[in-house]
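*Asks:* Next come the chains, spelled out residue by residue.
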Amino acid sequence: MRKLAAAGLAAALGVVLAGCGSGGSDSGPGKSTVTMWMYPVIGDQAKSQAFWAKVEKDYEAKNAGVDVKIDIQPWESRQEKVTTALAAKKGFDLAVLGPDQIPQFAQQGTIEALDDVVAPAKASFLSGALTALTVDGKLYGVPIYQTITAPLYNKKLFAEAGVTEIPDTLAELKEAAPKLAAKKIAVLDYPGNPKVSLNQSFYPLLWANGGTVFAPDGKSVAFNGPEGVATLQFLLDLKKAGGLPENTASKGNEIEGGALAGGKSAMYHAATALQAPQLGAAIGAENVGVGLPLEGTKRVAFGIAGGLVLAKHSENKDAAKKFAAYVASPEVAAALAKESGFYPARTDARIEGQDEVSKQFAKALEFAFHGDTHPKARQVMAVLATQIQAALVGEKDAKQALDAAAKEANALLGGA
Amino acid sequence: MRQRLRDPITGLLFVLPMLVLFLIFRIFPTLGAAGMSLTDWKISGEWSFVGADNYARLLDDPNFLASLRVTLVYVAVYVPLVVLAALGTALLLNAVVFMRGLFRGMLFLPYVTSFVLAGVVWKWIYEYNGLLNGLLAKADVAPVKFLEESSLVLPALALVSAWKGFGYSMLILLAGLKSIPGSYLEAARVDGANAWQRFRRIVLPLLRPALFFVLVIETITAFQTFDTIYVMTGGGPAKASYTLIYGIYDQGFKFFDFGYAATLGIVLFALVLVVSLIQRRLLDRGER
Numbered sequence: 002m003r004k005l006a007a008a009g010l011a012a013a014l015g016v017v018l019a020g021c022g023s024g025g026s027d028s029g030p031g032k033s034t035v036t037m038w039m040y041p042v043i044g045d046q047a048k049s050q051a052f053w054a055k056v057e058k059d060y061e062a063k064n065a066g067v068d069v070k071i072d073i074q075p076w077e078s079r080q081e082k083v084t085t086a087l088a089a090k091k092g093f094d095l096a097v098l099g100p101d102q103i104p105q106f107a108q109q110g111t112i113e114a115l116d117d118v119v120a121p122a123k124a125s126f127l128s129g130a131l132t133a134l135t136v137d138g139k140l141y142g143v144p145i146y147q148t149i150t151a152p153l154y155n156k157k158l159f160a161e162a163g164v165t166e167i168p169d170t171l172a173e174l175k176e177a178a179p180k181l182a183a184k185k186i187a188v189l190d191y192p193g194n195p196k197v198s199l200n201q202s203f204y205p206l207l208w209a210n211g212g213t214v215f216a217p218d219g220k221s222v223a224f225n226g227p228e229g230v231a232t233l234q235f236l237l238d239l240k241k242a243g244g245l246p247e248n249t250a251s252k253g254n255e256i257e258g259g260a261l262a263g264g265k266s267a268m269y270h271a272a273t274a275l276q277a278p279q280l281g282a283a284i285g286a287e288n289v290g291v292g293l294p295l296e297g298t299k300r301v302a303f304g305i306a307g308g309l310v311l312a313k314h315s316e317n318k319d320a321a322k323k324f325a326a327y328v329a330s331p332e333v334a335a336a337l338a339k340e341s342g343f344y345p346a347r348t349d350a351r352i353e354g355q356d357e358v359s360k361q362f363a364k365a366l367e368f369a370f371h372g373d374t375h376p377k378a379r380q381v382m383a384v385l386a387t388q389i390q391a392a393l394v395g396e397k398d399a400k401q402a403l404d405a406a407a408k409e410a411n412a413l414l415g416g417a
Numbered sequence: 003m004r005q006r007l008r009d010p011i012t013g014l015l016f017v018l019p020m021l022v023l024f025l026i027f028r029i030f031p032t033l034g035a036a037g038m039s040l041t042d043w044k045i046s047g048e049w050s051f052v053g054a055d056n057y058a059r060l061l062d063d064p065n066f067l068a069s070l071r072v073t074l075v076y077v078a079v080y081v082p083l084v085v086l087a088a089l090g091t092a093l094l095l096n097a098v099v100f101m102r103g104l105f106r107g108m109l110f111l112p113y114v115t116s117f118v119l120a121g122v123v124w125k126w127i128y129e130y131n132g133l134l135n136g137l138l139a140k141a142d143v144a145p146v147k148f149l150e151e152s153s154l155v156l157p158a159l160a161l162v163s164a165w166k167g168f169g170y171s172m173l174i175l176l177a178g179l180k181s182i183p184g185s186y187l188e189a190a191r192v193d194g195a196n197a198w199q200r201f202r203r204i205v206l207p208l209l210r211p212a213l214f215f216v217l218v219i220e221t222i223t224a225f226q227t228f229d230t231i232y233v234m235t236g237g238g239p240a241k242a243s244y245t246l247i248y249g250i251y252d253q254g255f256k257f258f259d260f261g262y263a264a265t266l267g268i269v270l271f272a273l274v275l276v277v278s279l280i281q282r283r284l285l286d287r288g289e290r
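Protein sequence lines correspond, in order, to chains A and B.
Per the working numbering, the first sequence starts with residue 2, numbered consecutively.
Per the working numbering, the second sequence starts with residue 3, numbered consecutively.
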């Protein structure tokens with residue numbers, strides 16, 4: 002009986018230990034597998050799945066020796082998941098990253114340079130997109146789309162508050178705040194939750210005021226200069242005038258279920274084209290307005306090229322590069338742009354039947370700025386977001402908050 | 003003699019699967035983290051030995067000291083809350099006969115709900131325009147910024163974690179209550195002891211082992227709470243809910259400073275160990 006128990010336990014142990022082993026590739030003999038982490042670039046889940054399934058199928062039909070796996074990941078926690086995958090040397094061969102995320106991985110040597118992928122058609126790509134995805138002279142991201150952000154308005158709320166001209170500048174926005182506040186409407190739907198990228202909250206306002214996140218040499222931060230302080234003070238003044246939602250410090254930038262969709266706030270300054278139909282569904286498409294980026298000392302809109310990066314640990318680099326070139330091809334890029342509402346990152350991709358909202362957002366493309374790229378951009382963002390939140394909840398004034406963030410960020414940069 | 007030898011071997015075989023899993027998933031990673039805390043481990047896997055530098059950094063790191071304070075406050079709020087909730091519901095369940103299984107199932111339900119889901123739902127409840135403030139408004143109470151007031155955020159988070167976690171402890175305590183012989187309580191009742199005296203003098207002392215287990219488990223849980231905080235506040239507002247474990251996450255996955263993240267992990271490990279030993283000693287002393 003004991004022998005039987007011991008044998009049973011040994012068998013169970015074997016099963017347990019086998020479970021601890023890593024799963025191998027099951028793509029069949031002679032086939033190389035390329036796994037790509039894609040994100041909800043196409044907002045509609047069903048359309049997104051159908052689009053990428055077609056890309057996968059079409060490519061595999063033309064390339065019999067390759068098994069492509071497109072894994073649609075959520076935007077949330079992208080940084081953390083990519084970091085974990087690269088650290089574990091598992092997960093993906095190709096993944097989509099933005100220009101402010103690429104330098105850190107390039108510096109760490111966990112992603113591959115991809116100049117050879119775009120070389121045959123380099124002139125066809127938007128030069129801004131290539132520049133944004135280049136680190137130390139090497140291209141680390143193959144541009145597959147270009148995004149742009151622009152202000153999204155609830156026209157009805159402005160009209161009801163007696164604001165006939167939709168704010169076009171930061172000064173006009175401030176001026177409109179009390180009029181809307183009198184009707185218990187926040188003029189700006191500012192998302193102060195630290196989990197929201199500052200590229201879609203604080204930075205566009207900072208850039209419009211002429212500020213930058215980093216000093217030109219990249220060895221220290223510059224956001225606590227006069228432009229930065231003026232930007233944060235602008236937000237605090239808006240808050241004082243009832244121009245920000247009550248929960249501005251903790252709210253995210255989701256349209257659905259948020260104050261903008263609920264008719265409690267009037268505009269979001271850094272929306273994407275994907276968010277326009279969501280707002281339309283909530284307040285009526287006829288009430289949705291798309292503007293040019295708000296002007297301070299200049300107009301700046303956050304817009305980036307989405308770049309396919311190749312993990313250094315990839316075991317099928319050649320196959321992955323070939324697939325990246327296919328995804329970036331004019332046909333796929335144009336189809337992706339049409340489905341997603343984003344824009345192609347190349348000039349030879351023609352989009353047929355682009356909708357009205359996409360055309361309005363396209364007007365902001367000329368003001369596109371890909372953000373302050375730096376290997377520590379995301380880390381600095383995390384530090385700064387927390388301090389901006391401290392100012393928004395009234396624990397610090399603008400200067401104190403930015404100085405505190407600068408001190409912490411400079412320590413991260415190992416500089417001043 | 004042979005029989006004696008064989009028994010320990012059979013016993014060892016029985017615990018071997020668990021022992022192996024424990025070694026692989028607990029002991030080895032802990033040793034690995036201890037080693038990593040002495041390095042400047044990079045995401046690419048490169049590292050160099052830096053000795054106790056990471057530990058020296060702790061003393062000058064304002065975020066570490068602040069997160070330590072937040073963690074201890076959170077533990078101090080959460081542990082009594084969850085133990086009282088578990089004890090209260092366990093006593094009620096022990097007393098109830100009618101549909102006990104149903105009540106037990108319902109009370110246990112939050113425990114099997116995902117932390118992330120619970121966090122999202124409770125975030126809606128706590129929001130400025132959320133359910134709780136809607137109810138307060140009906141009672142003419144001004145809205146409360148539960149997740150934006152530094153003084154309210156930790157109790158608000160502790161309440162969510164306690165709601166989510168008390169079910170498990172409740173079952174442990176219920177099992178403890180069931181093991182108390184009814185004759186003891188009956189004898190006390192005959193001797194004229196009232197309900198409080200029976201609870202204080204009989205139930206509580208006999209429940210001590212279960213209570214100790216619950217206290218240790220819940221303290222460790224409190225030190226390790228991450229999901230709720232991540233979903234509901236992201237460590238905010240202004241780091242008012244930035245716990246030590248959140249700091250580990252930030253250092254590792256945002257700042258890529260795995261060596262320092264491991265150092266914070268070791269500090270957390272030491273903290274949990276010391277607190278558990280103190281708890282054990284205090285409860286053991288009471289038992290003697």
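Check each hint, because a few of them may be wrong.
As the list claims (entries may be wrong) - Derived lysine-lysine pairs resembling PhoX-like cross-links, with alpha carbons at most 20 angstroms apart:
1) A:265 x B:44
2) B:256 x A:408
3) A:265 x B:256
4) A:220 x A:185
5) A:220 x B:140
6) A:139 x A:156
7) A:91 x B:147
8) B:147 x A:196
9) A:185 x B:44
10) B:125 x A:196
11) B:125 x A:313
12) B:147 x A:82
13) B:147 x A:185
14) A:82 x B:140
15) B:147 x A:241
16) A:196 x B:256
17) B:140 x A:90
18) A:241 x A:82
19) A:91 x B:44
20) B:125 x A:90
Since the hints were made in silico from the structure, they are not lab data.
Being a predicted model, the structure only gives us computed values, none of them experimental.
*Asks:* Work down the list of hints and note, for each, if the structure agrees.
*Replies:* Status of the hints after comparison with the structure:
1. A:265 x B:44: violated, 46 angstroms
2. B:256 x A:408: holds, 18 angstroms
3. A:265 x B:256: violated, 33 angstroms
4. A:220 x A:185: Distance ~44 angstroms between residue 220 of chain A and residue 185 of chain A Cα, so the pair is violated.
5. A:220 x B:140: violated, 54 angstroms
6. A:139 x A:156: Not satisfied, since the Cα-Cα distance of roughly 45 angstroms exceeds 20 angstroms.
7. A:91 x B:147: This hinted pair is violated, its Cα atoms lying about 42 angstroms apart.
8. B:147 x A:196: Between residue 147 of chain B and residue 196 of chain A the Cα gap is close to 19 angstroms, so the pair holds against 20 angstroms.
9. A:185 x B:44: Since the Cα atoms of residue 185 of chain A and residue 44 of chain B sit roughly 50 angstroms apart, the hinted pair is violated (cutoff 20 angstroms).
10. B:125 x A:196: holds, 15 angstroms
11. B:125 x A:313: Not satisfied, since the Cα-Cα distance of roughly 39 angstroms exceeds 20 angstroms.
12. B:147 x A:82: Roughly 31 angstroms between the alpha carbons, so the hint for residue 147 of chain B and residue 82 of chain A is violated.
13. B:147 x A:185: holds, 17 angstroms
14. A:82 x B:140: violated, 43 angstroms
15. B:147 x A:241: holds, 16 angstroms
16. A:196 x B:256: holds, 12 angstroms
17. B:140 x A:90: Not OK: residue 140 of chain B and residue 90 of chain A at ~55 angstroms, beyond 20 angstroms, violated.
18. A:241 x A:82: violated, 38 angstroms
19. A:91 x B:44: Within the cut-off at roughly 16 angstroms; holds.
20. B:125 x A:90: This hinted pair is violated, its Cα atoms lying about 35 angstroms apart.
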